[in-house]
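*Asks:* Chain residues, written in single-letter form:
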Amino acid sequence: MRWQIPLLIVLIGGVFMAVQYFVPLEFSERIYEYCVDWVIIVGVFAMGLGLWSLFRVSVGKIQTKAQGWGYNFITLGGLFGMILLGLFSGIEEGKQFMNLFWYIYTPIQSSMFALLAFYVASAAYRAFRARTLVSTILLLTAVVIMLRLIPLGPVSGLNQTVASWILTVPNMAAKRAIAMGIGLGGIATALKVVLGIERSYMGKE
Amino acid sequence: MGTGEILWNGLALFLTLSIFSILYKDNPFYKIAEHLVVGVSAGYFAIILYYNSFIPKVWVPVVHESKFLYILPTILGVLMWTRFSRKWSWVSRYPIAAYMGIGMGVAIPVTMQAYILVPLYATMQPIGFTSMALFNNLLVAAGVLCALVYFFFSKEHTGAFGGVAKVGIWTLMVGFGAGFGLTVMGRVSLLIERFTFMRDYLQKLFGF
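If you read the protein sequences in the order shown, they are chains Z and S.
For our numbering, add 170 to where a residue sits in the first sequence, where the first one is 1.
For our numbering, add 629 to where a residue sits in the second sequence, where the first one is 1.
Since the hints were derived computationally from the structure, they do not count as laboratory data.
Be a bit skeptical, because a hint or two may be false.
EDC-like cross-link-like pairs, simulated, lysine to aspartate or glutamate; straight-line CA separation at most 20 Å [unchecked claim]:
| hint | chain 1 | residue 1 | chain 2 | residue 2 |
| --- | --- | --- | --- | --- |
| 1 | S | Lys696 | Z | Glu262 |
| 2 | Z | Lys231 | S | Glu634 |
| 3 | S | Lys686 | Z | Glu203 |
| 4 | S | Lys833 | S | Glu634 |
| 5 | S | Lys833 | S | Glu822 |
| 6 | S | Lys696 | Z | Glu199 |
One chain only, chain Z, in its complex shape (with noise of 0.2 Å):
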């Protein structure tokens, strides 16, 4: 009851799943669309467990004064405050709602990835060492293509031909190989998930 049938319902689902995408029938096509709808209501619900597990969180914090409680009032009114405007003022553009997401979110998230840029400088400066054959690759492809849109006067063209070889032939091929790969392990984990192997998502007993 708490283990085969949850089993039993994604083997069912699974191979459903996997074999109805080979049947060209409308029917098959409406019950994947409501199969599919299924996935995201569920979804939608579990976005609620998200919410009250960073709403305990942040009150636990509160509560017990952590380190730095003081910081979770303000996690809490980004939260509410998102949700209310959400509700009661609509989603529009031009609403608060939407106006919190283009000056408080945008400019934070922009500004974490664009971080990022001196992170990376500083550990690639620290990093980066051409001792063996394949770092000197590597350290030349990516030389090549950070410089590829600077200007660097008589060499730009030659600069912009490699760096666009380098893009459209090598570089495509690792992606494609690296892609390859990718798909089949993500293939043999959904079997292993469908055939029961893998439960780990189930949590223990």
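Given chain Z, work out where chain S should sit, using these hints.
*Replies:* Chain S only, in chain Z's frame:
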């Protein structure tokens, strides 16, 4: 610029500088921005999910269109919340099982198509030495083959097989180098965008 625009952009400027302040050291301004984005992003995605998924997939079909088949996944969704109870948390395995079963079943053929068949089709192009395009096709095909040989660990990488695997490593290194270069350029673009925003805002505010 109107007052509202000045205030909103001023807030965005303050938050941008707060995030960049971590480059000096950890400080309260960074922590404020960090905690704010956690709450705001969670609230944002919850509301987006509510309007784009809950309303059209649950509320409208069940309440307005009387499609009672949708009650079943809704009940499953509600069962997810049994995770809050120690006694009944095992019930949440049912919706998780439905989610995983359907998700994995959909993923198998789609992954096969997108990650294996499409790259294979794209690689199997006419090859030759008579033009640069044909020669490049040959290089791509050879590169993919060599990189795949490198990933094949069931046979020891020695002799001719090891030589092919070595070419595979070189190909992969070019791929990683290009990936690194593109990532850095992407981050630098974001950085330039942030600085451009700050410059434009201050120019408009002070009129210089």
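*Asks:* For every hint, state whether the structure bears it out.
*Replies:* Going through the hints against the structure:
This hinted pair does not check out: Lys696(S) and Glu262(Z) have alpha carbons roughly 28 Å apart, beyond 20 Å. Proximity of Lys231(Z) to Glu634(S) is assessed by CA-CA distance (about 35 Å); at most 20 Å being required, the pair is judged violated. For the hint linking Lys686(S) to Glu203(Z), the alpha-carbon distance of about 11 Å falls within 20 Å, and the restraint holds. Straight-line distance between C-alpha atoms of Lys833(S) and Glu634(S) comes to about 11 Å, which keeps the hinted pair within the 20 Å bound.
Simply put, Lys833(S) and Glu822(S) have alpha-carbon atoms about 16 Å apart, close enough for the 20 Å limit, and the pair holds. About 18 Å separates the Cα atoms of Lys696(S) and Glu199(Z), which keeps this hinted pair within 20 Å; it holds.
Hint compliance for this structure: hints 1, 2 are broken, all remaining hints hold.
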